[in-house]
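J.: In case you want the letters, here they are:
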Amino acid sequence: MADSSKPATRKAAIVGGNRIPFARSNTAYAAASNQDMLTATIDGLVARFGLQGEQVGEVVAGAVLKHARDFNLTRESVLGSTLAATTPAYDVQQACGTGLEAAVLVANKIALGQIESGIAGGVDTTSDAPLAVGDDLRRVLISLNNAKTLGDRLKALAKIRPGQLVPDMPRNSEPRTGLAMGDHQAITAKEWEIGREEQDELAARSHQNMAAAYERGFFDDLVTPFLGLTRDNNLRPDSSVEKLAKLKPVFGTGEGATMTAGNSTPLTDGASAVLLASDEWAEAKGLPVLAHLVDAQTAAVDYVHGGEGLLMAPVYALPVLLARNGLTLQDFDFYEIHEAFASTVLSTMKAWEDPAFCKEKLGLDAPLGPIDRAKLNVNGSSLAAGHPFAATGGRIVASLAKMLHEAGPGKRGLISICAAGGQGVVAILES
Amino acid sequence: MADWYSNFANSGFGTTVTKQLGLPRPGVLRRYEPGGPLLEGPAVVGSAGRGRLRDTVTAVLRDAGATVVSPVVADGDASGEKLGAVVLDATGVTGPADLAAAHDFLAPAIKRLRANGRVVILTDPPAAADSPAQAAARQAVDGLTRSIGKELRDGSTANAIYVPEGAEAGVAGPLTFFLSGRSAYVDGQGVTLQAADVPATQDAEKPLAGKVVVVTGAARGIGASIADVMARDGAHVVAVDIPAAGDSLAAVANRIGGTALQLDITAADAPQRLVEHLRERHGGVDVIVHNAGITRDKLLVNMDAARWNSVMAVNLQAQLDITQALLDGDVLNPGARVVCVSSQSGIAGNRGQTNYAASKAGVIGMVRAWAPAFAERGATINAVAPGFIVTEMTAKMPFGTREVGARLNSLQQGGLPVDVAETIAWLSQPTSAGVNGQTVRVCGQSLLGA
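Taken in sequence, the protein lines are chains A and B. At position 118 of the first sequence the residue is numbered 117 (the numbering used here), and the sequence of numbers has no breaks. Here the numbering used here = 1-based position in the second sequence + 299.
Please keep in mind that the hints were generated in silico from the structure rather than gathered at the bench. A quick note: this is a predicted structure, and the numbers were derived from the prediction, not measured. Note that beta-carbon positions come from the ideal geometry of N, C-alpha and C, so glycine has one too. Among these hints, one or two may not hold up.
What the hints assert, rightly or not - With the Cβ distance kept under 10 angstroms, some of the chain A side facing chain B (calculated, not the full set):
#, residue
1, 39
2, 42
3, 43
4, 52
5, 108
6, 211
7, 213
8, 220
9, 224
10, 226
11, 229
12, 230
As the list claims (entries may be wrong) - The following residues of chain A were derived to be distant from chain B, with all beta-carbon distances above 12 angstroms:
#, residue
13, 151
14, 165
15, 178
16, 200
17, 207
Let the sequences and hints guide you as you build the complete structure.
T.: Set out below in structure tokens:
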């Protein structure tokens, strides 16, 4: 694989991570802003690794739902944190891929030797969501602002109509189709014949796995309490297939509707951050190297006209990543497939196993094949923790890095995250 | 949490009222500030019998920048300059008759002691005496010190140091502590030294520079104060507390430039996880402060097993298990210090606290038993037993109980978390190497269990 014409690169180390417990929308963090949550998360990371007053190479984070005032969200959060005020920062946004993409960006700069350390993160609130005024009212208000005389002002004000006063609510739907993400996934689930029971099984296992991980202290050095919350409040340790079976479908229609509030992620508030560095930087600071970020790949699908499912892009990204690294789908010790919906995970895996799909859509001679389900989301995933869009990537990267570290050197993990807009990010971590 | 009564008693009107009514008049305690003088006035040094420590004591005082005046001057004129400290070397006493010299020296000197003054008496441990008469004279120092402590007012304290033959090198550390503002709430106590390899000097401003210090229960209260003081004295603090307290723990760590480690110390794998953390992140540890503790009060007859077991697990078993793991894991750096937080309840007992008092008494037994093994590796293990310390916990006590509780000591006030922290930080210093297996009370000479 090594190409001697390329400049020498190195693999970025994942030192550790921090997140605040994730909270269902309009619960514990109802009054917290994105900046509050991201700042607290960075400060927790600083405390864990003794970075007070340190200037790290760069802090990269983002939010999917963002107020206009948060144009410089990450930099403002850095300024409010205990990091050195001289730490540069920038925002990124790739829907639910934001957190992982941020980690890839930081890792790439470290790989190129442009920075020695960096923090990648993400945050989202669906409670403190930005409300916008409609375009009609917005134009009136702009002309009011530009008016120079009292007459002009009155003229502008006279254009306001009661109907314009209804704000634009942020919606969890695709702008080009008007369909909610869940409705899109319901189409995919039907296409791939994903059953209700296997979705509920996956959801129950997510809750049980995550509850067990909390019990054995796995999250002790990954989570810092915030605003009185010490664990994700979406987590149901006593979740079971029987209980989940009682829920009514909320996405899709008719007989074949299988997706419920139990096997879909709820709207969630939260933030996460991951500390990445060169091996040398980590060693000089006496900090551990849990794993390295080996490689990553993004892909996008045409879900508008191309007939592909909205959340199927990771399926396309993976074979490119595997080929570039000379690996097969079975060469991993852990699989972290983001549980946007239980059916997303199941349709993703089914597609990788499907000879026709792999041949026709992915251009592969043979299907990628099945994965060992015992290695899938072993400490729970988004169905249990919840899914604050941009914060999910950081949650997964830090948790997987720790799992790999605990499993010993030479272990490999795969991350797959689907995102709105028909996009997806996949990445390989190795201890 | 301000002591309203102390504030009142020290106000102009309050002074008149409390004096007229004969009410307690707590002094405003002199507490340590970096860069401040050791004493607020000159010191006088005297002897009873042919002592061997007078030169040592004088050197310690002079090195610290204190003025040492002749006892003759003190004896003569009671209207002269007020004294900051009175130090008596009673290592030479051979029998009760020699104590007359102690009286002759101390009475006029203490008369001239200023507010927040210090009385320190040094003698040999009674147990090592050559004769019953000598043992009696040495033991007499204990009663003498305690009584002086009770007679002193305005924040002054009296403490004793027992120095066996061969332990002279260890005098400077404890003597400096008892003279300084660090010992503001330590009164009527005695510390017995043992021979040890004691460094001649240490960095006066940053005695813990370069040291890695673990503090359990560091998220709030006394633990947070210990973390503050350790960091002020130059240490890198690994602040440990339960994961549920992680947000305040992170705030403490960030305030002092330390690191936060969320760990339930009662978890089965906690000792091993701590050992691995210290090895991986710091290559070892210099000081561990077992501060984490809980109360689950109930009269014994009404106490369920959960209350009993949880208090034992946190307050005693975790201290034992973690200390053992640090020894087994070979992560204790040379000259390591273990400081365990006991309690006045562990000495005096307390109604409704059978579980707590048992666990805290257990701590005293633990450090005593472990001391020889620590001495062998040039390390020490000691305990501190706080008395009435003003914290969020005491703020919730009923008014009457709190106010009476706070006055039942020679200093007539509750201590502050920083007073406990200063004592622990002192035991952690390099020059405290001669203090081992001891339990030092930080109680203002409480009447309870004395």
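J.: Compare the structure with each hint and give your call.
T.: Verification of the supplied hints:
1. For the restraint placing residue 39 of chain A at the interface with chain B, the shortest Cβ-Cβ distance is roughly 7 angstroms, inside the 10 angstroms limit, so the hint holds.
2. Interface hint at residue 42 of chain A: satisfied, since its Cβ lies 6 angstroms from the closest Cβ of chain B, which is below the 10 angstroms cut-off.
3. The closest approach between the C-beta of residue 43 of chain A and any C-beta of chain B is roughly 5 angstroms, which is under the 10 angstroms cut-off, so the hint is satisfied.
4. Because the closest C-beta pair between residue 52 of chain A and chain B is about 7 angstroms apart, less than 10 angstroms, the hint holds.
5. With a least beta-carbon distance of about 25 angstroms to chain B, the hint placing residue 108 of chain A at the interface is violated under the 10 angstroms criterion.
6. For residue 211 of chain A, the shortest C-beta to C-beta distance to chain B is roughly 14 angstroms, which exceeds 10 angstroms, and the interface hint is violated.
7. Proximity of residue 213 of chain A to chain B holds as hinted, the smallest CB-CB distance being about 9 angstroms (cut-off 10 angstroms).
8. Among the interface hints, the one on residue 220 of chain A holds; its C-beta lies about 6 angstroms from the nearest C-beta in chain B, closer than the 10 angstroms criterion.
9. With a cut of 10 angstroms, the hint placing residue 224 of chain A at the interface with chain B holds, because the nearest CB-to-CB distance is about 5 angstroms.
10. The restraint placing residue 226 of chain A at the interface with chain B holds, with a minimum CB-CB distance near 8 angstroms, inside the 10 angstroms limit.
11. Of the supplied interface hints, the one on residue 229 of chain A holds, with its beta-carbon coming within about 4 angstroms of a beta-carbon of chain B, less than 10 angstroms.
12. Given hint, residue 230 of chain A at the interface with chain B, holds; its Cβ is 9 angstroms from that chain's nearest Cβ, closer than 10 angstroms.
13. Its beta-carbon lying about 52 angstroms from the closest one in chain B, residue 151 of chain A satisfies the requirement of being farther than 12 angstroms from that chain.
14. Listed as a non-interface residue, residue 165 of chain A keeps its Cβ farther than 12 angstroms from every Cβ of chain B; the least gap is roughly 39 angstroms.
15. The Cβ of residue 178 of chain A lies farther than 12 angstroms from every Cβ of chain B, with a closest approach of about 39 angstroms, so its non-interface assignment holds.
16. Even its closest Cβ contact with chain B, about 30 angstroms, leaves residue 200 of chain A beyond 12 angstroms, as expected for a residue assigned away from the interface.
17. Consistency note on residue 207 of chain A: stated as away from chain B, and its beta-carbon is indeed over 12 angstroms from all of that chain's, at 20 angstroms minimum.
Checked against the numbered hints above, the structure violates hints 5, 6; every other hint is satisfied.
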